[in-house]
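Participant: Take a look at the letters that make up each chain.
There are 2 protein chains.
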Amino acid sequence: MLKNESLNTLRSNFKNLSVDALVIFSPVNIEWLTGFTGSNGCVFISKAENILATDSRYALQANEQSNQWNIRIGERHGTDNICQIIIDSKLSKIGVLEDEVSLKNYHSIIDNIPKSQRIIILKDINNPILKLRKYKNKDEIKKIEESAKLASEVIDFAISNISNGITEKELANNIEAYAKKLGAEKMSFDTIVASGARAALPHAKPSMHTIEKNTMVLIDMGVYLDGYASDITRTYWNGKKNTKFDRLYTLVKLAQSMASERAEPKMLGKEVHAIAETVFNEANINDLFIHGLGHGVGKEVHEQPYLDKKSEDILETGTIITIEPGIYIQGWGGIRIEDMFEVTDTGLRQLTTASK
Amino acid sequence: MLKNESLNTLRSNFKNLSVDALVIFSPVNIEWLTGFTGSNGCVFISKAENILATDSRYALQANEQSNQWNIRIGERHGTDNICQIIIDSKLSKIGVLEDEVSLKNYHSIIDNIPKSQRIIILKDINNPILKLRKYKNKDEIKKIEESAKLASEVIDFAISNISNGITEKELANNIEAYAKKLGAEKMSFDTIVASGARAALPHAKPSMHTIEKNTMVLIDMGVYLDGYASDITRTYWNGKKNTKFDRLYTLVKLAQSMASERAEPKMLGKEVHAIAETVFNEANINDLFIHGLGHGVGKEVHEQPYLDKKSEDILETGTIITIEPGIYIQGWGGIRIEDMFEVTDTGLRQLTTASK
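Chains as they are written, first to last, in the numbering used here: chain P, 1 to 356; chain H, 357 to 712.
Computed footprint of chain H on chain P; a stretch qualifies when at least three of its residues, placed anywhere within it, have a C-beta under 8 Å from a C-beta of chain H:
1. 32–41
2. 55–61
3. 68–79
4. 96–104
5. 202–214
Taking lysine to any residue pairs in the SDA-like style, the calculated list, with each CA pair at most 25 Å apart, reads:
6. P:Lys104 / H:Phe381
7. P:Lys104 / H:Ser448
8. H:Lys525 / P:Leu150
9. P:Lys270 / H:Gly434
10. P:Lys104 / H:Glu659
11. P:Lys253 / H:Arg432
12. H:Lys655 / P:Ser207
13. H:Lys609 / H:Asn570
14. H:Lys561 / P:Gln65
15. H:Lys655 / P:Glu300
16. H:Lys490 / P:Ser39
17. P:Lys123 / H:Ile469
18. P:Lys205 / H:Lys542
19. H:Lys479 / P:Asp80
20. H:Lys561 / P:Phe25
21. H:Lys537 / P:Ile166
22. P:Lys115 / H:Asp480
23. H:Lys542 / P:Leu182
24. P:Lys104 / H:His463
25. H:Lys460 / P:Asp308
26. P:Lys104 / H:Ile477
27. H:Lys712 / H:Thr700
28. P:Lys186 / H:Lys525
29. P:Lys309 / H:His433
Think of the hints as simulated: they come from the structure by calculation, not from any bench.
Backbone N, C-alpha and C fix where the C-beta goes; we use that ideal spot for every residue, glycine too.
Produce the entire structure from the sequences given, and follow the hints as far as they go.
Facilitator: If you want it as structure tokens, here you go:
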């Protein structure tokens, strides 16, 4: 089981990290470790104990979702509950993760525990949870693949659903309703539907604009299924053949296929990004490629490893990534094509299945 | 206009707070100040400048949404962009808000600006943005009222939609699709539909359970409309009259009406909470009331002021709150009734309009 494996691995890291216990604040890390999905929680892991702290609204739910954890109910606000747990443990070196603790919680904890107990701030590079989450086990890969397949089915439906007179917002609503009908827990982010010149905004909000004939429609969406995210983008020309669109679409598609065919384990994120750039550079349009090539996907829709101009993240077997080159022209529109891949020993295996 | 008013008020606070500038990290605070809705942003406000920092994915969008702001495009990750803005400003006392800065960002900033520039950590109690956001102006109250009305229409629809054989998940999906059809931007939180004994979980996730005849259905939902949240709960008995449900429902309704009729400006959150407790205490069921009585609503669905056992938050004219007493019995179910109110000089004015 994921959680026990992870807990043992985490504990085996305590010595290297020079801590006796770890306190976890991030909801997504807590869900990944314990299964608990409440909005207020905090986890304490020592050699001897697994504690999930939450408030009375979630008492029953925590017992249901995290029955192997010792549940401690406290106040909804503040750090009293976790401070008491730290004090009761009598341990002297308590690790926290620098990217998930606010200055407020940090100060509130150090002000309320004895001086003999020290808070050790673990840098991102040593974050043992993100390191573990980056590699997916077989069960997780299966769940992510199912999530990617569901998103693919939905985006195929969406493209067949573009009819004269539909607004971007209506199409986004149809996408989300269909995703839920197929079993999606929720969307993994606010669905992007951008048509015509609005497609030049990589992260456009669906508007009340009607999708016109003879223009492009960019759809970027994803779902959560069984707790795991997916992410896919398609750009579709709604109307008569258009030479400019076809030429640019072919280049974006080529950038994507080149990057996904040549990527392999141990490459750096920036090296994979550079493969896509060579395609755009040869066509003299690399200035239109204004974002990173991709990102990891798992419990979160954006997580390690990142693929961009500067990324030193290493592609490793067992990680899941997107490859999503895009070009954007103000006043005209944009084209992005995004698919999800598993990094395997022999290269990338595509998980999304929607037509292009 | 909200933003200019707020900016002037903010700047007039700089002297009291002993800062020359403020750096804002929280996306909701940034949206409230600038209108920008991108997922990556940071705001710098000095006497002389209004700067919105983001990355290239959001360049066009930031110019569209925040055209009175000076937009600075930098890297997607890290603090290089904001550090350069701080350095360029040459100001010596830079304020940050303790609840919205992670240890990671804090350390990354102090490591990368000159020693002559100091970061001043502002405690929650001095958080000038939360103070401003707590009071809603007329325009905001109007938007929140529209959001509350839309949520009311949706929950009335939901209750008329409970039919034999529908699952909790299907009903939740219908609620969300209907809300979006009526124009909701998105839900303000994951819709709760809990039937029978599952209603004992105050924050239950909709399950694949069919809603049975002769059982209760608790629905808690809200929407975003024009950037403002709403929040409403109804509990409905689906079937033949049930004496236990009727008796407890009457008590919850009484606790709600007592609290909303007696609440007035300048009361503390804990005093309003205590009014509801007197009703439950008299019926000897106060141990079943396991959460706070309510919370503020605005750009966020949970914000100041809070109403609970310990809250020292003051009810002030121009704030918006929920009143939502509830009782929960493990193995049987739960009843919660929640409405939204504006705090006015003469007492509470109800904003939600759904039938009970």
